[in-house]
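**Student:** Each chain, letter by letter, is given below.
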Amino acid sequence: MDITGRKLFVKALQEEGVDTIFAYPGGMVTDLVDELYKQEGIRVVLPRHEQALIHEAEGYARATGKVGVCLVTSGPGATNTITGIADAHYDSVPLVIFTGQVPQNLIGNDAFQEVDIVGMTRSITKYGVTVQDRKDLGKTIKMAFHIARTGKPGPVLIDIPKNLQTQTGSAVYPEHVDIRGYKPNETVHIGQLKKAYKMLKQAKQPLILAGGGVNIAGAGQLLTEFAEKMNVPVVTTIMGKGSIPTDHPLYIGNSGMHGRFSANKAVSECDVLFSIGTRFNDRITGDLNEFAPKAKIVHLDIDAASISRNVVVDVPLTADAKIALERLVEYAEPKNTEKWLAKIAAWDAENPLEMRRDKGMSPQMIMESINEVFPKGIVVTDVGQHQMWATQYIDMPVGKKMITSGGLGTMGFGFPAAIGAKLGAPEQDVVCITGDGGMQMNMQEMATAICEHAPITVCILNNYYLGMVRQMQQLFYGKRYEITCLRRQVGCPDNCKGPNKACPPYVPDFVKWAESYGAKAIRVTEESQIMEALQEAKANTKTTTVIEFMIATDELVLPMVKSGNPMSEMILK
Amino acid sequence: MTMKNRWIALYVENQVGVLAKVSGLFSGKAYNLQSLTVGTTEHEDVSRMTICVTSDDITFEQIKKQLNCMVEVIKVMDLTNVPLHMKEILYAKVKGIDAGQKAEVFQIAQVFNVNNGNVKVADIGEDSILLECTLTEHRNNDLIALLKKKFKHVEIVRGGAVAVEAISTSCR
Ligand SMILES: Cc1ncc(C[n+]2csc(CCOP(=O)(O)OP(=O)(O)O)c2C)c(N)n1
Ligand SMILES: [Mg+2]
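Going line by line, the protein sequences match chains Z and W.
Positions in the first sequence are counted from 1; adding 156 to them yields the numbering used here.
Positions in the second sequence are counted from 1; adding 14 to them yields the numbering used here.
Chain Z on its own, in the form it takes in the complex:
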């Protein structure tokens, strides 16, 4: 028997095992929304903005490993999703985004709320298509889920014209699709793998660099085992953090722009760099000519296109991290790396990763308390200084997860992603670490957090500034703080160098704001209040808790490598 497109849509979601959909209504999806009303089993979440909707789906997907499913209307609903889709694209997050489209007879007419969303998102989706024919609907949705979650995961956008939603056609939702141009790599070239292994085996100063691909593949345990069997130290990118427990004796720290001194030093001095699941972007390499100058490089990644793109590679290996590591663990034989490890330890002792402890509450203290109160669960960050402090100081024991916007660095990501993570993993504690700037980019989502009963702990590190940019102005632009003070208003002096008595107290008052939604809110001004506030937040399982930490405005993220400089040129103080 034939059914309508809208019925097939819901049937498809059910057959894909979708349990949550993030949806915002509008004229071109009212039929689909109506069909969601009639079903049970799929939770329909209403965010308060489509950008946040995508971040929520991302948080859900990153927390659960499942596909995040989204539904928005045409035109502005669709364009609002673009930032989030780009974010998901750069961090390889599996999403399926359904957009409503104007009826086919209106496409091309500049109809009300018509935009070419497939065209607009072509370079930031793994696949995108406007369904042209009712008979293709089932197959297209099947393709979308298949493409989103296999290979290197990513966002897929399916645009469904309104008339196809009500048109009847086949009720069949296919079990398989065969896409002749899409065959994700499910093997590993054994010859190359052995060559890579041999190179590592023979190295005197070997180093493993683990990126986000290791976490996405769920290969952290294998990586740890491999490193242990061979005694090879490990550095991570921020996306790879947690792939090996941070308290593991072989773990050095993050490498890259704000990486640990010893980690970057190890990259500069190693003779074999065995990299897994990273695309070597500029935040990791700095000046490419001086990146890992002494090393032969093995590059293992699922994406052939990211191999040999930025750095010259000695052994390229296209494979899923898990499949490759399963083999590598079999090969692994112990190596003596004592001298090398001692060298690294000495570098670390020379320049340990730590912040001042002399004058009041520091971000490090906040992170350490978060580690203590939330030893497990999920930590989600926004983008800025607070993100870097989180990636530097948050401990990652086995099973703990960190979710951050790495590739795109999207301010406004943290709060909605944390809500999505909680909705996906309600049994886990979710802590969001955000800034006063980024918080204001999606603060409307407090309504979602409250209404969907997503009790999370939101730690706002309030430094009154867009701190990350302010840091650059402080270090490289003669302290000309143009448009980075979040309290600046008409009448402020032109050459303001920092907070003073004339500043207004709060813009906004985050405590009053949170309370106005029915959330719990705590303001922390001193070190002595940190632990109690976090414990209170953890105990509050009814509503979201906002903790506003009043930190110093002039705190810096250190060490730092200036953008474009070699990794060996770290600013330490």
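Honestly, the hints are just simulated from the structure, not real lab data.
Mixed in with the good hints there might be a few duds.
[Unchecked claim] Only pairs whose alpha carbons sit at most 27 Å apart, straight line, appear in this in silico DSS-like list of lysine-lysine:
#1 K339/Z to K89/W
#2 K134/W to K166/W
#3 K339/Z to K478/Z
#4 K78/W to K478/Z
#5 K79/W to K351/Z
#6 K89/W to K298/Z
#7 K360/Z to K495/Z
#8 K298/Z to K79/W
#9 K385/Z to K360/Z
#10 K79/W to K339/Z
#11 K478/Z to K556/Z
#12 K515/Z to K729/Z
#13 K351/Z to K450/Z
#14 K194/Z to K295/Z
#15 K351/Z to K78/W
#16 K718/Z to K43/W
#17 K339/Z to K78/W
#18 K79/W to K452/Z
#19 K478/Z to K350/Z
#20 K351/Z to K452/Z
#21 K452/Z to K718/Z
#22 K339/Z to K43/W
#23 K79/W to K478/Z
#24 K107/W to K164/W
#25 K495/Z to K452/Z
#26 K116/W to K166/W
#27 K653/Z to K515/Z
#28 K79/W to K350/Z
#29 K222/Z to K556/Z
#30 K515/Z to K635/Z
#31 K78/W to K452/Z
#32 K694/Z to K676/Z
#33 K89/W to K295/Z
#34 K698/Z to K222/Z
Assemble chain W with the ligands onto chain Z, guided by the hints.
**Tutor:** Quick look at chain W with the ligands alone, frame taken from chain Z:
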């Protein structure tokens, strides 16, 4: 690193938006696209593109990989070092010429017409001539250069090259 022209034959799904996606890759990633032609193959759901890019070795490898990533791309063939038959269609309209100059255009057409029929006079008017040329891109370039040097008003319409692998390997 040496920049040179390189050739790709690309088999893609014959669907809406695929051409935009492929060409968008070249503009979005600042690859230097020289020409791109597209047409359906013997299978109506498959199109074949002939693409020429100017790039160094590393970028060219990257371009092939990026193309391979696309779901709609069925096959990427590097034609750079493959024996090929390759031709481009070119229309050259020479305008505002007198009888003597017309004779000159005929002469040029004859010289370029090495293998019979590759350059022909497709149309003629009182003071203008239309040439239709099916030559290699290089020969077309030469012809255009010559016409432009000799005559004031030359209108050029060219189609971009299409290529097919040779049957006998001695061809090039
Ligand atoms: C959407 C977006 N706009 C601008 C930026 C550039 N940017 C990066 S960090 C930052 C400041 C963030 O300020 P805040 O949220 O207060 O965090 P802080 O750095 O102070 O910890 C800005 C403006 C960005 N990453 N994303
Ligand atoms: Mg700030």
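**Student:** Taking the hints in turn, state whether each one holds.
**Tutor:** Right, here's what the structure says about each hint:
no.	hint	verdict
1	K339/Z to K89/W	holds, 12 Å
2	K134/W to K166/W	holds, 21 Å
3	K339/Z to K478/Z	holds, 18 Å
4	K78/W to K478/Z	holds, 26 Å
5	K79/W to K351/Z	holds, 23 Å
6	K89/W to K298/Z	holds, 23 Å
7	K360/Z to K495/Z	holds, 9 Å
8	K298/Z to K79/W	holds, 25 Å
9	K385/Z to K360/Z	holds, 16 Å
10	K79/W to K339/Z	holds, 14 Å
11	K478/Z to K556/Z	holds, 19 Å
12	K515/Z to K729/Z	holds, 16 Å
13	K351/Z to K450/Z	holds, 19 Å
14	K194/Z to K295/Z	holds, 23 Å
15	K351/Z to K78/W	holds, 25 Å
16	K718/Z to K43/W	holds, 25 Å
17	K339/Z to K78/W	holds, 16 Å
18	K79/W to K452/Z	holds, 23 Å
19	K478/Z to K350/Z	holds, 16 Å
20	K351/Z to K452/Z	holds, 12 Å
21	K452/Z to K718/Z	holds, 25 Å
22	K339/Z to K43/W	holds, 24 Å
23	K79/W to K478/Z	holds, 22 Å
24	K107/W to K164/W	holds, 13 Å
25	K495/Z to K452/Z	holds, 19 Å
26	K116/W to K166/W	holds, 13 Å
27	K653/Z to K515/Z	holds, 20 Å
28	K79/W to K350/Z	holds, 24 Å
29	K222/Z to K556/Z	holds, 17 Å
30	K515/Z to K635/Z	holds, 22 Å
31	K78/W to K452/Z	holds, 25 Å
32	K694/Z to K676/Z	holds, 11 Å
33	K89/W to K295/Z	holds, 22 Å
34	K698/Z to K222/Z	holds, 26 Å
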